[in-house]
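Undergrad: Residue-level listing of the chains:
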Amino acid sequence: MFNYFHKNKFASQKGQLTPMFIVLIVIIVIMAMVTVNLGKVSLIKTDSSNAADAAGLSAGSAMANSFNSITVANSQMCKAYWSSYAAIAFSIGLALDDLILAQIKEAAAMGACPLIATTCAAIAKHTTAIAAFGDFELKMGAIAVAITAFYYKQYYTYAKIRENANLGRKRALVAGYSSAFSSSGIGSKLKIGSPPLKIGSPPADLSETQKHNYRDEFSAWIDNIAPADLKYYNIENSYAYRWKDGQNRLHSVEVKTDIQDVDSFNLKVSVLTMPEVIVLLAGIGITSIVVSGAMATAAGLLTGACGCFPACAAECAGPWFAACYPACLAACIEAWCAAADVPLGTATTGMIALDVMVGALLLGLLPLREVTSNHLYDPFPLGDVDIYAWIVDINHDRTVTVNTTQEHQGKELYPIKGRDSGFWQTNYPQISSYTKVDFRGNGNIGNFIPRHDASIIETDKL
Amino acid sequence: MFLRNKVIVGIILFLGTIVLSINSLEAGWWEDLSLPVPPSTQEVKKERRKLAGSEFTFIYYESSLGASNIKDFYRQRLTNAGWQEKNLLKEAGNIPNFQIDPNVANALSQNLNFEKDKERLFINFLPENFAQDGKTRFTIGKGETLKPGQAQKQDGGFGFELLDKPKKEVAPVYPKASLIDLSEQEHSSTLTYSTKDDIEPVVLFYKNNMANYGWNLIEEEPIEKKDFSTDLEKYDLAQVCPSCAKNKINLLKSMEMQFARLKFTNPGGDSCDIVINSMMSGEAGAGSLRFTNILVRYDEQR
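Just so you know, the protein sequences line up as chains H and D, in that order. Residue 1 is where the first sequence starts when you use our numbering, and the numbers rise one by one after that. Residue 1 is where the second sequence starts when you use our numbering, and the numbers rise one by one after that.
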């Protein structure tokens, strides 16, 4: 063409600018096509970024809500611990009162028995000790019931919080995926309505991807990402929606949302584990049986000692009374009191052991230990030994990361018969977007502040 | 005329001073003179319990003050109100041949005890700085104490009964079971009952009677036993119970716990879990532990 114009450049003055125009037109056409393509690519990028941002914020907000709920529930768990601990500590205080009274009266009875003047008074002191010890046993029984109930309640509350935290994560993932696909621009590319149906027959013979070319199918697909009851359902690592348009071009939008599992909790727990508490309670129960038995034996012997007065009076009746009675009384009382000393000693030793055990119980229920719980034992609650007070923190990075990828097959320009590809392929490049959302906000699980809030902290560069 | 204005201004100033003075007093003082409340302290909840035959009121407070300030406050105010401080540690010191463990002494010193006539007032503190919010949490328990031996006559239940009733009855209550714990929130509640009956009739009761409250059983974990003998082998039981004879120690090993769980739901989507556990020390009688706890957890569908 250029040769033709070059050879005929002196033949005619006309058409001098034609080659230039042709060149320009070609360049303009190419530029226009590139511009259209770039515009299309930037539109896809915008859709992809919107999808990632929407998913991140949506999942982040759902996670923030979930963590706020955990914070509130944790505050309730702390209150429940506090309430039970206070009532149990109060009962232990009252029980210790009884025990100390029993010990003081028992020591007084021991001191009073061998003295003639106070032998019978020892019975009254011992009777008070028995009564006080009975009250102690009653309170300890109540405390055993309360501690066991307390353990289960705290365990169960914690188990519920864990269950809800796990559900919260799944809901956040579902919210993220739904938002991502809804904001990815897919809807505007699809045909309105449902795939065509043949009357009285199954749907038209369309492939899955062809059926996906309809908005109603797309909506139904989003709704079916996960069932309403998520408890036993595992959300996939990524979801992709693929459809073929009217020209049989394949389009694909893929979303991947990452949220760390919510399964590692730091907890404040009581000093003693439940088996240790049971050992202590059982030890207290058995020692109490020993002490009660010894006290009952001592009561009989002290009564015997007090019975020395009428017994010796009867034995020494007569002219030798003045000489006999004191000697009889001294020997009799000494014998009975010596015998009573053995069970009284057992009771006293037992009660000292009880002081230590009850004190250890009071101390053992304080929330002085911290543990990390990475999983719940199964079956409920046979294996878990700690008495939970409250959650200090959840080991979680508090972020949601979303990656979206869109791939759209372009139009085959000038298709060539017998060949797969046409003269000009207009496939668009794979477009990806990335968003990272932080949902920490000002909330704090162990500080009982429910102000977790989601915000975008990182995106890919456009 | 000028004098009258002066009088009026004077009266207004006088009344203003009185109003300001009253306002500066702690609200707690004029609510209940017998139980003062330190400044910057809020009541969290109140409950009534029957402990070993005596009725006690528990009031739970959260305060921005430190525990030592609160203790000083109560020592001063309660002593002025005629209460006498009772020192358990000092009393324990009167017991012959007894030396209190320093840790136990520390645990006991966290609490304040006061007595006035037959009344008992007990202030219990959760250790400071445990919760990260920096607040001090304390509880005041107040009630009448009984003479030695009276508690056994007056107590018919477990000695740990909660006298408050739940606002909403979501499930039937096992006959003669005592309510021992209650937590109610807007959309959920947890109640704990105790009974001296074995676990089997309790499980049967809930399986048979929940339908009357509109609940359908959806899941059941049948009764399962937990034998403690393996767990207890880890502990030196002779050390735990030095005064126990060997045969008595063996009793510990016969302790048994049982569990069952029933899960219910209603047409509205609400859920109700019944968690039942029992503890038996192996032989019935004085000193033995035999009881069944029933935990009722209700969650409203939202």
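Just to be clear, a hint being listed does not mean it is correct.
Heads up, simulated DMTMM-like pairs for lysine to aspartate or glutamate below, C-alpha to C-alpha not over 25 Å straight-line [claimed, not checked]:
#  : chain 1 : residue 1 : chain 2 : residue 2
1  : H       : 160       : D       : 55
2  : H       : 170       : D       : 224
3  : D       : 263       : H       : 163
4  : H       : 79        : D       : 186
5  : H       : 79        : D       : 221
6  : D       : 263       : H       : 229
7  : H       : 170       : D       : 270
8  : H       : 231       : D       : 221
9  : H       : 231       : D       : 133
10 : H       : 160       : D       : 270
11 : D       : 142       : D       : 186
12 : H       : 79        : D       : 161
13 : H       : 160       : D       : 117
14 : H       : 79        : D       : 299
15 : H       : 160       : D       : 72
16 : H       : 231       : D       : 219
Because the hints were derived from the structure by calculation, they are not lab data. Note that the structure is predicted; figures quoted are calculated from it, not measured.
Undergrad: Hints first: check each against the structure and report whether it holds.
TA: We went through each hint and held it up to the structure:
no. : hint          : in the structure
1   : H:160 / D:55  : 33 Å, violated
2   : H:170 / D:224 : 31 Å, violated
3   : D:263 / H:163 : 15 Å, holds
4   : H:79 / D:186  : 15 Å, holds
5   : H:79 / D:221  : 29 Å, violated
6   : D:263 / H:229 : 16 Å, holds
7   : H:170 / D:270 : 20 Å, holds
8   : H:231 / D:221 : 18 Å, holds
9   : H:231 / D:133 : 32 Å, violated
10  : H:160 / D:270 : 15 Å, holds
11  : D:142 / D:186 : 28 Å, violated
12  : H:79 / D:161  : 19 Å, holds
13  : H:160 / D:117 : 45 Å, violated
14  : H:79 / D:299  : 18 Å, holds
15  : H:160 / D:72  : 40 Å, violated
16  : H:231 / D:219 : 14 Å, holds
Violation of the numbered hints given earlier is confined to hints 1, 2, 5, 9, 11, 13, 15; the remaining hints are satisfied by the structure.
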